[in-house]
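Asker: These protein sequences, in sequence, are chains F and Z. So my numbering is basically just the index in the first sequence, starting at one, shifted up by 38. So my numbering is basically just the index in the second sequence, starting at one, shifted up by 358.
If you're looking for bench data, these hints aren't it; they were derived computationally from the structure. Misleading hints may appear alongside valid ones.
Just a few of them, taken from the derived set where beta-carbon distance is under 10 Å, the chain F residues facing chain Z [as the list claims (entries may be wrong)]:
#, residue
1, Val-80
2, Ala-265
3, Gly-268
4, Val-279
5, Val-280
6, Leu-284
7, Leu-289
Selected chain Z positions facing chain F (Cβ under 7 Å, derived; list incomplete) [unchecked claim]:
#, residue
8, Trp-451
9, Phe-661
10, Gly-663
11, Gly-666
12, Ile-721
13, Arg-724
14, Leu-727
These figures come from a predicted structure and were not determined experimentally. Yeah, the Cβ is synthetic: ideal placement off N, Cα and C, and Gly gets one too.
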Amino acid sequence: MSNERESMSPAQLGLGILWPAFWTGLPIKLAFVLLFLALGMVHFETRIGLAFLMLLASPVTVFALPTITLGLESHIGEGVGIALLFLLAIPIDIWALGIVGRTFFLERLRREPQEGLGLTLWWKCALVGAIFLPILWVAVSATTDATISAVRSLFETDLLNGTPVAEKISIELTLWGTVAIAVLLLLLVIGLWLVGRVIRGTVESARPTSESYQGLITRWDLMRVPADQGLMLTSLTGGAVVLSLLFWSSLPVFTPHPHDCCKKPEVKATPAFKPLETLNKDEKMIAQLAAQVELLEKQQAEAELAKDKNKGKGKASKDAVKAPAATEPAPPNAKKP
Amino acid sequence: MSHTPSTSTQATILEKVIDFVDERVGLKLLAAKMLNEPVPGGSRWAYVFGSVLLFIFIMQSVTGVLLMFYYVPTADHAYASTQYILHEVDYGWFLLSYHFWGSTAMVVCVFAHMSQVFLWGAYKKPRELIWLVGLALFGIVMGFGFTGYLLPWDQRAYWATTVGVEIMDKTPLFGDFMARFLKGGATPGQMTLSRFFVIHVMVLPAALMGLAGLHLFLFRSAGPAGPFRGTPEELKAKTDYFFPRQIWKDIVGMAAVFACICALAFWEPVVLLEEATPDPGDYHPEPEWYFLFLFQLLRLKIFSGEFGQFLGAIALPGAFMALLAALPFIDRDPERNIFKRPIALIGWVVVMAAILIFTVSAIINREYLD
Numbered sequence: 039m040s041n042e043r044e045s046m047s048p049a050q051l052g053l054g055i056l057w058p059a060f061w062t063g064l065p066i067k068l069a070f071v072l073l074f075l076a077l078g079m080v081h082f083e084t085r086i087g088l089a090f091l092m093l094l095a096s097p098v099t100v101f102a103l104p105t106i107t108l109g110l111e112s113h114i115g116e117g118v119g120i121a122l123l124f125l126l127a128i129p130i131d132i133w134a135l136g137i138v139g140r141t142f143f144l145e146r147l148r149r150e151p152q153e154g155l156g157l158t159l160w161w162k163c164a165l166v167g168a169i170f171l172p173i174l175w176v177a178v179s180a181t182t183d184a185t186i187s188a189v190r191s192l193f194e195t196d197l198l199n200g201t202p203v204a205e206k207i208s209i210e211l212t213l214w215g216t217v218a219i220a221v222l223l224l225l226l227v228i229g230l231w232l233v234g235r236v237i238r239g240t241v242e243s244a245r246p247t248s249e250s251y252q253g254l255i256t257r258w259d260l261m262r263v264p265a266d267q268g269l270m271l272t273s274l275t276g277g278a279v280v281l282s283l284l285f286w287s288s289l290p291v292f293t294p295h296p297h298d299c300c301k302k303p304e305v306k307a308t309p310a311f312k313p314l315e316t317l318n319k320d321e322k323m324i325a326q327l328a329a330q331v332e333l334l335e336k337q338q339a340e341a342e343l344a345k346d347k348n349k350g351k352g353k354a355s356k357d358a359v360k361a362p363a364a365t366e367p368a369p370p371n372a373k374k375p
Numbered sequence: 359m360s361h362t363p364s365t366s367t368q369a370t371i372l373e374k375v376i377d378f379v380d381e382r383v384g385l386k387l388l389a390a391k392m393l394n395e396p397v398p399g400g401s402r403w404a405y406v407f408g409s410v411l412l413f414i415f416i417m418q419s420v421t422g423v424l425l426m427f428y429y430v431p432t433a434d435h436a437y438a439s440t441q442y443i444l445h446e447v448d449y450g451w452f453l454l455s456y457h458f459w460g461s462t463a464m465v466v467c468v469f470a471h472m473s474q475v476f477l478w479g480a481y482k483k484p485r486e487l488i489w490l491v492g493l494a495l496f497g498i499v500m501g502f503g504f505t506g507y508l509l510p511w512d513q514r515a516y517w518a519t520t521v522g523v524e525i526m527d528k529t530p531l532f533g534d535f536m537a538r539f540l541k542g543g544a545t546p547g548q549m550t551l552s553r554f555f556v557i558h559v560m561v562l563p564a565a566l567m568g569l570a571g572l573h574l575f576l577f578r579s580a581g582p583a584g585p586f587r588g589t590p591e592e593l594k595a596k597t598d599y600f601f602p603r604q605i606w607k608d609i610v611g612m613a614a615v616f617a618c619i620c621a622l623a624f625w626e627p628v629v630l631l632e633e634a635t636p637d638p639g640d641y642h643p644e645p646e647w648y649f650l651f652l653f654q655l656l657r658l659k660i661f662s663g664e665f666g667q668f669l670g671a672i673a674l675p676g677a678f679m680a681l682l683a684a685l686p687f688i689d690r691d692p693e694r695n696i697f698k699r700p701i702a703l704i705g706w707v708v709v710m711a712a713i714l715i716f717t718v719s720a721i722i723n724r725e726y727l728d
């Protein structure tokens, strides 16, 4: 056991700290990712897997990401939320590295963790990441591009030109994928080794503990549990409630990505139907119209009467010339309606 | 001697209710048995997958029930009702997208859970039955994915099902019966939709609940396997109970998976293709992503022709599943450390690499078809 601790390589040391620290901070980071997505502050591009990895590995990507984004013109998405996410990841990572570092020092290295271990580990990891990750990015991208073109040119030769499409795709992928993954893994091991080398100074400055194994485990176990569990549960529940409320209040009611087939027609709101008011209105209108009809009929009758009178006058003047009989009846249309 | 009961010793209403139930069903004993299970070597993040799977299933049931309030399982209305859910129902797009990505998460977690059990050597004696029931549960999860895929009744759903049923048809003895039973006619239609719907919402959930209960019972009977490394002194010192350490890790795991599914629902919400027709038109039929590797495998020249298709679609996957089922009885070596089981480690890497390569190949193959 003692030998195992002494023979721990820098790569093992780096992995032993970074791997659990990534996962410890991830759930909290994810809650913020979700909230920012709901608020529309983050728009990840198609490479969501890469975005996830970048966020997961934020102790080492926190300064490397701006370099990759600005210097190498490659980005994982858009929106102010991405910068905010990486900013929020700083205190989360310091906390996660603190917890993981303290338990790792005590349980695996049998050394007393120093004060402010989280911050020390964080800046060392971030520094290594800022220098090494852009190099890794360039190296893996260049290797992948070169291998893809080499493999494609290999399949353009006469010997392999007739290879069926499905076989060609799988063989090509296997060839360039193997080379790219081998380079990636090799560089990751080198990166972990570098982190381990940088951390080793902090490890060596920590004082070895002389406590019994059972005593160490008891301390290690208590380190993973907060001193005031009630306070932690209350604050976590409170935080979860606030985040849930924010999430549901910002969640779009309808799909934020409407499909072309289902564009919503513009619907104008129709006034509400009120039966009593409509009846009264209709009654008024009928009465008004009836009065208008009556008036029109009256006017028409008067006009006809006036016409008849004029006709009658003209006839009378003619008859006066002829001297009509007094007993002759009046014409029927001369009567009043 | 006078008895003056203080207010602090008086039982609250909640305590009285708990006592009432406890007296009748032994609630406290049950809770103690459930929560005080010793976890050898202490709690670990690697153990969260089982609980996470249960959580995903519960969430799939909840979202599934909510979707059923609007979904109409008829060939005439399935597509329109799904579009209605997506575009008219308040938060309908989120529910459907969550349900869709939840099914993907379930498949991923099943793979992770099975891989963890395999790599930890937790299928070995006395846990053979847990492994076998787990394999049956894996089949049910795949069945959920297959039957649920048809329900939106768009071109993707229709043709994925057609391809899937044709693959099933190649199974000797009962393949033809199974294909005819599922389709209910010459081409997928109303009968197919009805049958897939009933299997998806009634048969499979009932089977899953029963088998998951059995899985848990067997797990509790045999006890957790614990880590494959560490001295007896270390294991003894670190052993603690299921509550609260492991439960806390399980809850965090569930919250992380919930957040991932929600994020995916935002990033890539469900969008339907054209309504299903027996004419594929420009659409190139392909199954859901977790069957893509098998689909791509069948495109290889070696698997062309009637026999080749049978070999690739039925014989190879069948033999692989049979090997998995027989694994605890073949591998009788008590050694559980994966770094001391090179064949198991290489086998796992090869299978995972093959699945990854053929899945990505199928995605690249789309460009050639388009």
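Asker: Which of the numbered hints above does this structure break?
Answerer: Violated hints (numbers, rising): 2, 3, 4, 5, 6, 9, 10, 11, 12, 13, 14; every other hint is consistent with the structure.
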